[in-house]
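Participant: Sequence:
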Amino acid sequence: MIETMRVAAFIVLGFGLVAEFLGTPAHAGAGACCDPGGCTDVADEAACVAIGGVFLPGAACVDAPCADGACCFDTSCAISDAYSCIAGGREFAGAGTSCLDDPCDAGIGACCLGAVCDDLSPEACATAGGTWLGAGTSCVTDPCASGACCLADRCSATRRFECDAKAGTFFVGAECADDPCARPSACPPGTLYGQSLDGPDDFIAGTSEATSIFQRWDDFSGVDGPVSSITWWGFDLRLEGAVFVECVESDPTFSISFHRDAGGVPGAVECSYTVEATRTPTGAIYLGAELNRYDVTLPESCVLVNGWISIVGRGDAACWFLWISAGPGGSYCDGCLPSEQGFDLAFCLQGTSGGVFGACCTSATAICTDGVEITACTSPGQRFEPDATCDELEPACGIVLGACCFADATCERVEQERCFAAGGNWLGGDTECDQCPCITPCPPGGDAEGEPVCLPGTIDDFNGGCLSAPPVFSPLTVGTTVCGTSGVYDLDGEKTADFDWYEIDLERPAEITITVQAEFRAQVLLADGATGCPGRLVASGAGLECDVVTLTATAGVGPSWIVVYPFAFTDTAACGTRYTLTTSAAVDTCPADLDDDGRVGFTDLLAVLSQWGPCAGCDEDLDDSGDVGFTDLLLLLASWGACL
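So the sequence shown is numbered by my numbering: it starts at 1482 and just counts up by one.
Keep in mind the hints are simulated off the structure, nothing from the lab. Please read all numbers here as calculations on a predicted model, not as lab measurements. Ideal Cβ positions, reconstructed from N, Cα and C, are used throughout, including at glycine. Incorrect hints may have been included.
[Claimed, not checked] Per label pair, the in silico range of CB-to-CB distance:
#1 THR1850 <-> GLY1654: 50 to 60 Å
#2 ALA1511 <-> SER2091: 29 to 39 Å
#3 PHE1901 <-> ALA1548: 52 to 62 Å
#4 TRP2093 <-> LEU1936: 54 to 64 Å
#5 ASP1868 <-> GLY1654: 18 to 28 Å
Sequences are here, hints too, so could you generate the full structure?
Facilitator: Right, dumping it as C-alpha cells:
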C-alpha cells in the first residue's frame, strides 16, 4: 500500500473541512451525513457540517448512500466513497454506480484492439470488436500494450490494463522467458551501502516533499569511503482531493542531506546539497503507479561512516515524491505519527572504498589513533573524523556529550553525570539541544482553559465550537491569557484533533492581535461569528513547535471566534499538550472622524450621506451593519466635535 496516500489525504481533508465549516451556508431538510467513519442521519446540512461530514439531502443511511460509487472530476471517473469524493471537490454519481456506465459523460474511453489502442465510444469499440476500458480512460498511458505481468514472482503474458486490474507489476514488451519477475539487486556496482526496494506485492511509499508536512530520513552504517553518488526509488504522485494520481515531475530537484546520529534520530547536518536528479521510469507498475529510479552525482563527496540521509523533493510543488520502502527496519519521518517508522527506505550510497585518513576513536576504551584509513574505523562504537588528529576531536575521545534539558526550557550539552546532578533530563549520547521537547508553561496570571484532557473516543462538548452539537464556545475577554491543552486522539478508528473554540464579543470594530505558542504544531483561525455557524474566516496562521503564531486582523461588532488546534499529527501532538493564547485589541476611539482631522464635523457628515444605503465594509458604516443608515448618522452626531 502507499502509506502516505492515507495519511496525507487525511491532513489535506482536515484543512478542507475547516474551510467548509467556515464558509458554506446551511440548507434545510433532513438527509444522510457521510464522514470518514461512515454514515449518520441528520436533521439538516448544518448538523452535518458540525460533525465534519458531507451532506446528501433526502438520503437515509439505511440505503448505504455513502458507499463506493463513481466519482467525477470534469469528464474523468474513479471509484470512491461519497465522503472522499465530495470533500475532494468532485461530483458523486451515487453509491453502487460504475465508471463503465459513463456517469461523467466522458463519451469516449480507451478501446483495445489487440495491442492497438484508440479512444472510442463504447458503441464504436464494440462495433470494431475491441475491449472498451471505461469512460474517461485514455490511450495516453498505452493500456493495451503487450508485455509481462508479475504477481509476486509469477509471470504471465498479458496487456497492461489486464495486469493493472490484478494489481500486478507490468513490464512493457517483456517476455516471461526472460524472467522479468525475478527481483534484481537494487544497487549498482560501487555501492558502499545499500537497501534494496520492496516488490509490488508488499511495499510502503511515504511522502518526502518540501511542500507537504512529511519529510523523511533513513540511517546507514559502515560506509568506508567518500559518497560521490546516490541512487534511490519512488513515485511521483499528485493529490487530487482524497486520491493520489500519477504525475510527471517536470523539475526533479531534490534536497539531499547527511546527518550525524543523535541518539538514534537524525542530528547535526554534515553535508547538504540541492541537486537535480536523473529520473528514469522503470516500467514497473505498483498499484497503478510507475516506479521511478533517481540518480544523482554529488558536486562534492561526503565522508560520514555512520549517520542518516534525507531525500526531499523540491521541484513541482503539486507533484510529490514518495520514497519506496526496503523491508522492515527503521526510518524517521517529520510530520508522521509516530516519527520513528518501522520500515527502511530504498537507497544506495556509491563511491570508492578507502582513500581517506583521519582520527579513529573507540569511545568505550577512549583509545584514539591518528592517521587511520577510513576502512579500518567502521565498527559500531568507533568514531572517524576525516583529516583530523586525535587532539582536534571535539569532544575528546571517550567523552560523550548529550543534550541536558531543563524545566525552564534551557539546555546545555554535557555528560550524563553532570546533567543528572543539575536536575536536568539527559536525552542520550550525541543528542543536540534542539531535540529538547518544546515547553510552553502557563505564565503568571494565565487562566486555565478547564477542558478535560482528550482521550480515545472523546466527544468534545466543552468548547468544540461549530464542530459540536450544539455549538459550544469558551468565552474570552480581550487582554487575557488562556493556558490550554489540545492534542490528537482516535475517534471511530481515525485520527482527529481537539479543536478549541473561543468567543470574544465586541461592542465596536477593533483591530485584534492574537498570539499563540504551543508545544504542538498549531493552526490558529479567526472567524466572524456574527451570523452564527459555520462562520466566516477572517485570518489564519500556523507554526511549528514553540513558534509564536501572531494574527492581526479587524474584528467586527458582535461575536468573533478564535480556533486553536494541531495541524500535524506528530509525536508532539499527544493529548494534553499545552499552549498559551493571548489577545489584545486596538479600538478606534473616534470612528466617526472619517477624514482623520481630529474632530467630527461637516466633512464627516457629508461622507456618511454620500454612502447612504448598502455599503458593507466601508468606513462610513459605523455600526458595521452592512449598510449606512440612521444608526450611523446618530453615532456620528453623538461624536460631534473634537475627538477625545
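Participant: Failing hints, ascending?
Facilitator: The structure conflicts with hints 2 and 5, although it agrees with all the remaining ones.
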